[in-house]
Amino acid sequence: MTAITLAKQEQVNKTAKNDLSQTNLSEIELTQTVGNIYADDAKMSIRNANVYYGDKKAIDNISLDIAKNQVTALIGPSGCGKSTFLRCLNRMNDTIDICNITGQFTLDDEDIYAKNLDPVLLRARVGMVFQKPNPFPKSIYDNVAYGARIHGLINNKAELDEIVETSLQKAGLFNEVKDRLNDPGTGLSGGQQQRLCIARTIAVSPEVILMDEPASALDPIATAIIEELIDELKDKYTIAIVTHSMQQAARVSQHTAYFHMGKLVEMGKTEDIFTRPSHKLTENYITGRFG
Amino acid sequence: MTKLNKNLNGDSNNTMDTISITEKVSLSLKKRHRKEKRFKFIGLFSVLFGFLLVVILIGDITSKALPAFTQHWVKLDVSYQASWLNMSDYSSQNPMTKQMKKANYRNVLKKSLYEMFPDVSGRKDKRRLSKLLSSNAEFTLKDNLIASPKLFEKKTQVWVRLDDDVDSYLKEEFPLGEAGLRITQQQAQWLAQLISSDSIESRFNFSFFTASDSREPELAGIKGALMGSLLTLFVTLLLSFPLGVAGALYLEEFAPRNRLTDFIEININNLAAVPSIVFGLLGLAVIINLFGLPRSAPLVGGIVLTLMTLPTIIIASRAAIKAVPPSIREAALGLGASKMQVTFSHVLPQAMPGIITGAIIGVAQALGETAPLLMIGMVAFIVDVPSSIVDSATVLPVQIFLWADSPERAFLAKTSAAILVLLTLLLIINLSATMLRSKFEKK
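These protein sequence lines map, in sequence, to chains A and B.
This note's numbering puts the first residue of the first sequence at 1, with every later residue one more than the last.
This note's numbering puts the first residue of the second sequence at 1, with every later residue one more than the last.
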């Protein structure tokens, strides 16, 4: 038995003493989101979003704003729907046949689920970084250049070189790989691979970057580098990040949304959520009583 | 866990009536090891047994095939006399070179032979004597004279092929009168005479690789069938590879999941199990009779074999495409790549090694296929080497089938040699596929 599970066991015992067993917790009613879902300068707005996987409802009537040039963290226990929600923001769920989405999703007041909008165009504006680093089995250079190439953003080799270099620099990877741009991207370490994936996303110059637990497969040092990077990137890009680590959410984000069983329980400024949570469920989660 | 700890510490309450867990485990461990050993032995035995069978097969075929690679030749003292050649009245209107093509070389051959054996008399004996030589010998004389016309009216020495029965007799040294060998005591004496005067020589049989099929075993070669096989395979690969890969990509990446797709899937799997002769019937009924394509042509053979190879390639390609990690697809989609771009710049290159393996299995099957080709007339006796996909042709396995069916003893060796050539061709195809595969995997 590891130390962590023992610690959790203790927590459970404590809550039992406080007369708040786990079953009681989930019975607390989730009628309405508490806190503030609105942002002064919203880049993306989602209203009354529902997502079904076949008959199962994965997202239940969620509304929130994603503030421009800031980091919005989505936290919550496993299976609460935060990744599903994030994938709705650039229509990655379109590839899943049984997935059914309703509600209003806008990017700069433009409906992203409009019939005449090509998801390819949307994904060029809303990039995504995945949980597991997934560089293409190609050279580092080709990995970064791929997006620019397929979108026809460049006219000649010099422009492409420029894009690759600046993207790698922004992702803080250039100095480490500048001598081996033609080596395969899969040969890098895990943290470097994830930064390569970020550079690859930046190279297309998106407006929003979605990150689905970008540091969960990385060691603490690589995680710290990624977190620093996220902090720098928010000056240019709007970022939404799903994370399991509450410390990470507290460190990198300005806004935090707490999801629970497909519902948005609470949303607000990160410092408020972590110091003065209004909802009992949020409090229990961030103090580590369950999750 | 706690129980184990207690037992390990030796302070269990009921150690009296139960043996400790460690002992139990070690007991079962022995059993498990025995099982593992037994399984390893069975596995090793199966591998060795299979290997042994292959060695026996190859060894047997090779030993039987060896005689086909040599051919005995005999040295004849030939005199190209004008009277023997029936070329007495050549003039400017009727030039010598033109007459040389029409001259009677059979007569020259016979007369020269009778001069070498002056004591042979009587029609029967003379016929037996000339039967020692291949029926092709007169053409050797003709080619020789046309190549160097100055030999006209002169004596020279020419090497000609011996007959296949004589050849087999010299190679195998069967006792005389053996069934199947038609060599008489007298003929054997003549041969001994020729051998003692160093007039018989065994040479490498080049014509086996440069000639096409023939009724005479000493003249029959593999080239026609080999070219037919290569042309047929070319058509098969050209049709089945793009069609198979496109079909697999569509079914895996683009097709909507519905009843129709399921129905198509089931039918592709069923197609792989259809007896190949049925495809031959289809080829005969539809491709030849309905569309009017030529019979016995590699084009038709290739189309029929494509029908047979297609399901193999589709099934293997789909498995390879399925094995491409979804994270790669997501990464490309997340960058804004269209479905087409994802498929062609990521999925296809990643799946290529598997697809190539499937294609090679399919083509190797097609290379060894006989039954469907019999139905479309590729079993015909064809003496010319096919030069295009609409010429009449036969293929290696059908050639093997035809030779195996022939009564002449020398065709036994030819059959084995043709099998060796077929196996070598398969080996070459497999090797090149392995090389191609590793090239794609490196990328």
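Hint data in this document are derived by calculation from the structure and do not stem from the laboratory.
Beta carbons are placed, not taken as given, at the ideal position from N, Cα and C, and that holds for glycine.
Please note that the accuracy of each hint is not assured.
[As the list claims (entries may be wrong)] Simulated pairs of lysine-lysine, PhoX-like, Cα-Cα distance not exceeding 20 Å:
#, chain 1, residue 1, chain 2, residue 2
1, B, K98, B, K24
2, B, K64, B, K111
3, A, K115, B, K98
4, A, K138, B, K150
5, B, K339, A, K138
6, A, K68, A, K236
7, A, K138, A, K157
8, A, K263, A, K280
9, B, K75, B, K154
[Unchecked claim] Partner residues are not named here, just some residues of chain B that face chain A (Cβ under 7 Å, in silico):
#, residue
10, R259
11, S327
12, A331
13, G334
14, L335
15, G336
16, A337
17, S338
18, S388
[Claimed, not checked] Distance windows between CB atoms, simulated:
#, chain 1, residue 1, chain 2, residue 2, range
19, A, N175, B, A323, 54 to 62 Å
20, A, S63, B, K339, 28 to 36 Å
21, B, R259, A, I96, 18 to 26 Å
22, B, K223, A, I96, 55 to 63 Å
23, B, A323, A, I96, 15 to 23 Å
24, B, F440, A, I96, 26 to 34 Å
| task | For the range 26 to 34 Å, tell me whether the beta carbons of F440/B and I96/A fit it or not. | result | Cβ of F440/B to Cβ of I96/A: about 30 Å, so the range 26 to 34 Å holds.
| message | Against the range 54 to 62 Å, how does the distance between the Cβ atoms of N175/A and A323/B compare: consistent or not? | response | Violated, at about 36 Å.
| K138/A paired with K150/B [C-alpha distance capped at 20 Å] | Measuring from Cα to Cα gives roughly 71 Å; hence the hint is violated.
| query | Does A331/B pass the interface hint, meaning its C-beta sits closer than 7 Å to a C-beta of chain A? | reply | Because about 4 Å separates A331/B from the closest Cβ in chain A, which is inside the 7 Å limit, the hint holds.
| Status of the given 15 to 23 Å range, CB of I96/A versus CB of A323/B | At 20 Å between Cβs, range holds.
| request: Starting from K98/B, check that the Cα of K24/B is at most 20 Å away, please. | output: Violated, because 100 Å separates the two Cα atoms, which is more than 20 Å.
| request: Identify whether the interface hint at S388/B stands, where standing means a beta carbon of chain A within less than 7 Å of its own. | output: violated, 42 Å
| message | Holds or violated: K64/B and K111/B, Cα atoms, limit 20 Å. | response | Judged against 20 Å, a Cα distance of about 37 Å means the pair is violated.
| query | Minimum Cβ distance from S327/B to chain A below 7 Å? | reply | Since the shortest Cβ distance to chain A is 4 Å, the answer is holds.
| query | Is the hinted pair K75/B and K154/B satisfied, with a Cα-Cα distance of at most 20 Å? | reply | holds, 16 Å
| query | Are the Cα positions of K263/A and K280/A separated by 20 Å at most? | reply | This hinted pair holds, its Cα atoms lying about 14 Å apart.
| field | Interface hint compliance - A337/B to chain A, C-beta minimum distance less than 7 Å | value | holds, 5 Å
Against the hints set out earlier in the document, violations occur for numbers 1, 2, 3, 4, 10, 18, 19.
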